[in-house]
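K.L.:
Between the sequences and the hints, there should be enough to build the whole structure, so can you do that?
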Amino acid sequence: MADAVISATVEVVLETVISIAADRVGMVLGVKAELGRLSKTTATIQGFLADADAKVHSPGVRDWLKQLEDEVFKADNVLDELHYNNLRREVKYRNQLTKKKVCFLFSFFNAIGFNSSLASNIREINTNLERINQQANDLGLEIKYQIEAALPADAAGFSVIPITGMGGLGKTTLAKSVYNNTKIDENFGIKSWVCVARQIKIVELFKLILESLTRTKVEVDGREAIVQEIRGKLGEKRFLLVLDDVWNREQGLWSDFFTTLLGLSTTKGSWCILTTRLQPVANAVPRHLQVNDGPYSLGKLSDDACWSIIKRRANSTLPPSEEVPKELEAIQEQILRRCDGLPLAASLIGGLLLNNGKEKWHCIVQESLLNEDQSEIDQILKVSFDHLSPPSVKKCFAYCSIFPQDAELGEDELIRHWIAVGFVLKNNRVMEETGGEYLRILLQNCLLEKSGNQKSDNCDEDVLEGLQPHPNLQELKICSFMGNKFPQWLINLPKLVELRIQFCRCGELLALGQLPSLKRLYLTGLDNIRSIGDEFYGITTNEEKEEGRSRASGSSARRRKFFPALEELHVEYMENLAEWKDADQVRSTIGETEVDVFPMLRNFHIQRCPQLTTLACSCKILDVKYCRNLTSIKTGYDTASVEEFSINSCDNLRELPEDAFGSSLRRLTIEYCPRLICLGVNGQKCALPCLERLSIYYCDGLTTISNKMFKSCPSLQSLEVKCCRNLVSFSLNLRKTPSLERFLIINCPKLIPHRFKGFAFATSLRELSIGPFSSDYFSIDGFDWSGLRSASTLRELRLEGLPHTESLSHQLQYLTTLTSLRLASFGGIEVLPDWIGNLVSLEGLQLSNCKKLRSLPSKVAMRQLTKLPLVNIFDCPLLRQRYSSQRGIYLEEISSDAVRFSYLKFTFIYMCVCV
1 MADAVISATV
11 EVVLETVISI
21 AADRVGMVLG
31 VKAELGRLSK
41 TTATIQGFLA
51 DADAKVHSPG
61 VRDWLKQLED
71 EVFKADNVLD
81 ELHYNNLRRE
91 VKYRNQLTKK
101 KVCFLFSFFN
111 AIGFNSSLAS
121 NIREINTNLE
131 RINQQANDLG
141 LEIKYQIEAA
151 LPADAAGFSV
161 IPITGMGGLG
171 KTTLAKSVYN
181 NTKIDENFGI
191 KSWVCVARQI
201 KIVELFKLIL
211 ESLTRTKVEV
221 DGREAIVQEI
231 RGKLGEKRFL
241 LVLDDVWNRE
251 QGLWSDFFTT
261 LLGLSTTKGS
271 WCILTTRLQP
281 VANAVPRHLQ
291 VNDGPYSLGK
301 LSDDACWSII
311 KRRANSTLPP
321 SEEVPKELEA
331 IQEQILRRCD
341 GLPLAASLIG
351 GLLLNNGKEK
361 WHCIVQESLL
371 NEDQSEIDQI
381 LKVSFDHLSP
391 PSVKKCFAYC
401 SIFPQDAELG
411 EDELIRHWIA
421 VGFVLKNNRV
431 MEETGGEYLR
441 ILLQNCLLEK
451 SGNQKSDNCD
461 EDVLEGLQPH
471 PNLQELKICS
481 FMGNKFPQWL
491 INLPKLVELR
501 IQFCRCGELL
511 ALGQLPSLKR
521 LYLTGLDNIR
531 SIGDEFYGIT
541 TNEEKEEGRS
551 RASGSSARRR
561 KFFPALEELH
571 VEYMENLAEW
581 KDADQVRSTI
591 GETEVDVFPM
601 LRNFHIQRCP
611 QLTTLACSCK
621 ILDVKYCRNL
631 TSIKTGYDTA
641 SVEEFSINSC
651 DNLRELPEDA
661 FGSSLRRLTI
671 EYCPRLICLG
681 VNGQKCALPC
691 LERLSIYYCD
701 GLTTISNKMF
711 KSCPSLQSLE
721 VKCCRNLVSF
731 SLNLRKTPSL
741 ERFLIINCPK
751 LIPHRFKGFA
761 FATSLRELSI
771 GPFSSDYFSI
781 DGFDWSGLRS
791 ASTLRELRLE
801 GLPHTESLSH
811 QLQYLTTLTS
821 LRLASFGGIE
831 VLPDWIGNLV
841 SLEGLQLSNC
851 KKLRSLPSKV
861 AMRQLTKLPL
871 VNIFDCPLLR
881 QRYSSQRGIY
891 LEEISSDAVR
901 FSYLKFTFIY
911 MCVCV
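Note that the sequence shown covers residues 1 to 915 in the UniProt record's numbering.
Hints listed in this document are in silico derivations from the structure and should not be mistaken for laboratory results.
Accuracy of the hints is not assured; some may be wrong.
Claimed, not checked - No farther apart than 27 Å at their CA atoms in a straight line, the calculated lysine-lysine pairs in the DSSO-like style are these:
1) K495 <-> K561
2) K237 <-> K176
3) K183 <-> K237
4) K268 <-> K495
5) K268 <-> K183
6) K561 <-> K519
P.N.:
Below you can see the structure in the form of structure tokens.
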């Protein structure tokens, strides 16, 4: 226990030393080199700590830890002293600013003396730490790389770690140790591993990524289609991508590739680990994306580290206390020469020695040294293959070459392949057992590698079945389960509150509807689920017969509840889900009207279910996204309960249900539904007393928004309709919406503006954006400007005109409460009127896409806008010819006017010509 405490203490102090040393490298005169040396040495030693923890029982390791503890505390004390003296000198310097310079010079020479002494102390510590570092190698300690620690959750944008080094150094092993680390799973929602292993075109690379994400063969060939599929899989999750064994060195390819990846998601903090043997490949990665502004280069292992690997592999069947056989010690020098610092070579030799008798060891090593022209790895692989026994194992290994490099197969599946082609010998044993023995030999020789990601179906099922938790378990997550069926104990957890099932292979779900305490359910990436029906709710065939007999006998059946406690349901990335059985269908199945389905459900979020055509659910908050084939939505039998309804990117949805517009509805958001033609309010007056926000964006099929929706909306605060290019009929009397604060009608070119009335009653309106409207009916004077003059709360106004619009309504000058005015696309206006100067509260003025505008208001008018610090001008080419950001407004006309010139100090014009 004491040794563990020492190790933990050393790690904490060591981290402090590294942090302070790195922080002070550029701040201290005379010790920069020693601090840099200290930072590098301590960072290397830190890598040994994890392995030291595992070997703390060794007397040598315990002594090493104690020496390290003493030296690290010395370093900590010295750096504390450095930190204190820096602060003391800083304070003293500030106090001496008013004194003579000679005082400062004496202080300066005192600092030199202090730093000289400090450098000597740090140099001594460095020497001792480097000795301790060498001892770690002598003890056989290995550095445990901690790249995963460099993956912060709040990392900005997208980052790349190129890992370089010659073949056999462990680039792939290092990447896999990061990829399979549980901490990585906590930081990234999606992971993808791609083995490249050749020169490749960018479309092929994206195709490999998509195949990694879907675990299926991709038949699509077009780049855009493939990229969009990847976008759908990634969603808004932070992802980790590993590109293993990369050979492309074209900068253009990698710039194009990473630019495309950056555009797939707005979520920050995604990472790519790229392994390559070629330094030019790493250099081709855009430098601004690379962590630490450069690649991570692996170096060769020391002889001691290689020897440690070989001893561990060759003696894996012996107890730890057993001494190394003298036969192995006798050939140490020759083995290490063959390894040449490569960990893969050390592992291969260790496996080769393990599977052959000690009497053959000397001959095996001599064989590996015969052909010095071959690389270390190639020669050792050849010797390993030659010594495989029995000969059938060689055939089985050669058979594996038909699979792509880095392919993953279940153990049982691979053995079945060998048996099918006749490579497994028939003997007294079961052929599957013989095949298993062949597989064990290949694994021990390091010719095949056991994957940590997927096991055989049966193995996964057996493992999960054997992990039955305590019945009081409250939270459970099952991820990447490759079995064909879930364990039965899953539905026998009466206290389970939260369940997450993610990226599993199973084709059907258990009776989750019978879990009495389940409040939160997450179903993600279950590609083999095609229908959610009786088994999901927990309806059995026997149950249906029993209900039928009860009805026939006239006896009353008990009221049934499915998912009695569920409050949140999240369904995402169910690529093949095509059918969802709703409450009415459940009642029909069991023949009962007294049935509650999701009686407590509050939040229902469903996205990326492209095969689903109909959806029905009763809940408080319904959020539907990217269900491209969805044609109808039913909000359930308790319509008054729906409070928030959001639907996004449902391409085939044609109308919303009338029962969605209940008396409890607070928010309605509809985006990117191009075939939506009706909101579902077609009958009588629709009372929406609680509606606070209505947003409709990019619905080109929508032609009408019924005024019946707004007959009684006393709570409506925000109304936004944007980019509905075929919307013709929409009228609103603001007298019915007294709480309205934001009213935005933008880019609806077929809409008629004079249908909006009652602005005099808009006593809460703060922001108004309108236009452009139909050119057939639009007159700038046809708007209810007189009513708008009475809206004393109005602060922000955005107007968008048409190419032929030649003037602004003169009534705008009376909107003196405006703080922001934006004018866009008034194509015929040449000069802004001087009455703009009446808008004395303006703090922001923006002009855009006014092609003929050649002059701002007069100097007198502009002088009235004393609160205006900034004018933004975009795509107004004639203005740019007259004014320039270098000379300022009116500078050439009034350069002798001192009063006007002082005004220019707080007026800035920003010009940008859009191409």
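K.L.:
For the pair we were handed, K495 and K561, check the Cα-Cα distance against 27 Å.
P.N.:
Distance ~17 Å between K495 and K561 Cα, so the pair holds.
K.L.:
Quick one, are K183 and K237 close enough, alpha carbons at most 27 Å?
P.N.:
holds, 16 Å
K.L.:
For a C-alpha distance cap of 27 Å, please report whether K268 and K183 respect it.
P.N.:
Roughly 18 Å between the alpha carbons, so the hint for K268 and K183 holds.
K.L.:
Compare the distance between the alpha carbons of K561 and K519 with 27 Å, and conclude whether the hinted pair is satisfied.
P.N.:
holds, 14 Å
K.L.:
Is the Cα-Cα distance between K237 and K176 27 Å or less?
P.N.:
The given pair, whose Cα atoms are some 21 Å apart, holds under the 27 Å limit.
K.L.:
Mind checking the alpha carbons of K268 and K495 for me, to see if they're no more than 27 Å apart?
P.N.:
Measuring from Cα to Cα gives roughly 36 Å; hence the hint is violated.
Hint 4 alone, counting from the list given before, is not met by this structure.
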